[in-house]
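Asks: For the record, the sequence lines run as chains H and A. UniProt numbering numbers the first residue of the first sequence as 1 and each following residue consecutively. UniProt numbering numbers the first residue of the second sequence as 1 and each following residue consecutively.
Honestly, the hints are just simulated from the structure, not real lab data. Positions of the beta carbon are idealized from the N, C-alpha and C atoms, including for glycine. A couple of the hints might just be wrong.
As the list claims (entries may be wrong) - Quick partial rundown of chain A residues pointing at chain H, CB under 10 Å, derived from the structure:
#1 163
#2 203
#3 204
#4 214
#5 216
#6 220
#7 235
#8 241
#9 264
#10 273
#11 275
There are 2 protein chains.
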Amino acid sequence: MTKLRLGTIGTSMITEQFVEAAKASGDYTYQGVYSRHIKKANSFKDRYGAAKAYDDFEAFLSDDAIDVIYVASPNSLHFSQAKEAIMHGKHAIVEKPMITSLSQWTELIDLAKEKGVIVVEAARHIFEPNFVKLTEVIQGFEGIYGASLVYAKYSSRFDNVLAGQEPPIFSTKFGGGAVNDLGIYTVYAALRWFGKPESVHAFSQKISTGVDGKGIVILRYPDYDVTIRYGKIITALASSEVYGLGKTLVLDAITGVEKAELVDARTRERKTIELDEPSENPLIWEAKAFADVMKNPDKEESKEKLNDWLSLSHDVHEVLETIRQQS
Amino acid sequence: MTKLRLGTIGTSMITEQFVEAAKASGDYTYQGVYSRHIKKANSFKDRYGAAKAYDDFEAFLSDDAIDVIYVASPNSLHFSQAKEAIMHGKHAIVEKPMITSLSQWTELIDLAKEKGVIVVEAARHIFEPNFVKLTEVIQGFEGIYGASLVYAKYSSRFDNVLAGQEPPIFSTKFGGGAVNDLGIYTVYAALRWFGKPESVHAFSQKISTGVDGKGIVILRYPDYDVTIRYGKIITALASSEVYGLGKTLVLDAITGVEKAELVDARTRERKTIELDEPSENPLIWEAKAFADVMKNPDKEESKEKLNDWLSLSHDVHEVLETIRQQS
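Okay, chain H solo, but in the shape it has when bound:
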């Protein structure tokens, strides 16, 4: 198989970005667009050069010329649509959060195994070369004394909430809220860097629509604690930090890191960590990584990668489940 033939669900910005990344990667051709509205599907098809546009979901799923489906609908639909894709023998790349309850995770992965296809969760940052580099830096630390990871960005949609509306990203019906949208990035980072915590202690702040507008979670490890903070009703400017023995790794962000420094805890002397220039399209790395595994599913390396991604995804959703239960 030279190129994967891509189908997409959703016509929002993230889909545009993924389609562009997929094309730029050289690993995909663009076969089909699905939207509930044929006008939207057609316009998207024309803009991004897809072969076909669909408003009939069953017809879209049955298109034999599609190998893999990228699912970027509202969060609450990810699971059922990914499931449908898998049932139809397609690989599935599912935007985070892939599922909204842990039982769905198992169901989806088991189904994919049964159908002989691959399902992955698109948590883009863990594929970024700079993130991978920082992971190596952290793994090289002599001792870990904890971390504080932050991703909180005011959403203009919160203005709508304040005006009495309920946009999808702030709606329980659509699986909205801060932990699903931004918190998940910090959980992914924490678990990639420190593994699965011993216990999880969540403090969520609900807004009028019933979703969490922001949250603070303590992840307890045997020897240290990691604080994660996230929010869509506030903007945090504070750096994210990982504390080692006598040094602090200071990051300007959790996704798309552009600046990283190692600071001497005693002298406060700062040393810049050389990072790659930010890529024009940050989804390029996941698009490449997924294609690589989906094109060569039987390679030992592919199996190892997939296991690693899924194991991480599982642990992340276990933590998210606990956060939801405590909210």
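Following the hints, complete the assembly by docking chain A onto the known chain H.
Replies: Relative to chain H, chain A alone:
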């Protein structure tokens, strides 16, 4: 009474700083130095121009020419020494933490009332003009969406701990540890800015000596949460932040704030808040404030101030007690 006649317990850096502040304020004369070692007491007396040096605690306390005693011994001695000072009819300025259990707080305040003297806790930052200014800024916020307050600074004494020693600031015997030393500043700030929390959730990280080396505490308020983080075994570079509706107050520190910005949560546009130049001696403000009240104890304004300080101190120690209990 034109000037307060000062006696001091302790000969460490903080005592030097307070004595210099007291002299610079013009509100004190320096009467007596107490140290267990007469050599240290004499040397301190000569350096700072005190009238007398003592190694006999009872004689020091009985010096009729002393009006007020500044207590800056190891934390575990603050309470008993302040109590002795009060029993001898002296006012007491007690370094934070004034006490190490809440019952001591009540005992000390009741005793001071009974003896007709004043006891105050030296939490220097709440007297700093810049802190007061920021308090007004926060009180002017339309809504509060939480805060993240940080004070974590690696102590060179932790090197000694790593080498197998037990310096007082990391010793349970001396009331050492991170929350007693630095955490208390963040608790003071949180309670000054947001009042008493509904509940307190503490996550402390103990070190080999048995004290907390760092900690994270969630203070829950009806509508929002405040995270405080502190530590003496790590250095945090992250800003402290207060989240308002559509804006974030970004601070470079909790004590001795030198830089404060109001950042638009939507546009990230930054507006600098004009602050006073940092004072040469940051204890000058508390030295002045305490003298003012102690010189005019019967003024209505003095009574109000004292009530305010003590009420805040009480609530702070109630929170600290909870943190200790959960550790």
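Asks: Next item in the hint list is residue 273(A). Is there a CB on chain H closer than 10 Å to its CB?
Replies: 14 Å, violated
Asks: So, residue 214(A) near chain H? Judge it on the closest CB pair being under 10 Å.
Replies: Since chain H brings a Cβ to about 7 Å from residue 214(A), closer than 10 Å, the hint holds.
Asks: Hold the hint about residue 264(A) up to the distance rule: shortest CB distance to chain H must be less than 10 Å.
Replies: Hint on residue 264(A): holds, closest Cβ of chain H at ~8 Å, below 10 Å.
Asks: Quick one, is the residue 203(A) hint okay against chain H at 10 Å, beta carbons?
Replies: 5 Å, holds
Asks: For the hint on residue 204(A), does the least C-beta distance to chain H fall short of 10 Å?
Replies: 9 Å, holds
Asks: The hint names residue 220(A) as touching chain H; please verify it with the least Cβ-Cβ distance against 10 Å.
Replies: 7 Å, holds
Asks: Please check whether residue 241(A) passes as an interface residue: C-beta within 10 Å of a C-beta belonging to chain H.
Replies: With a minimum Cβ separation of about 6 Å from chain H (threshold 10 Å), the hint on residue 241(A) holds.
Asks: May I ask you to test the interface hint for residue 216(A) with respect to chain H, counting a Cβ-Cβ separation under 10 Å as satisfied?
Replies: Where the cut-off is 10 Å and the nearest Cβ of chain H is about 5 Å from residue 216(A), the hint holds.
Asks: Let me know if the C-beta of residue 235(A) comes in closer than 10 Å to any C-beta of chain H, holds or violated.
Replies: Holds: closest Cβ of chain H sits about 4 Å from residue 235(A), inside 10 Å.
Asks: Min Cβ distance, residue 275(A) to chain H: is it shorter than 10 Å?
Replies: Violated, because the Cβ-Cβ distance from residue 275(A) to chain H comes to roughly 18 Å (cut-off 10 Å).
Asks: Hold the hint about residue 163(A) up to the distance rule: shortest CB distance to chain H must be less than 10 Å.
Replies: Where the cut-off is 10 Å and the nearest Cβ of chain H is about 13 Å from residue 163(A), the hint is violated.
When the structure is compared with the earlier hints, violations turn up for hints 1, 10, 11 and for no others.
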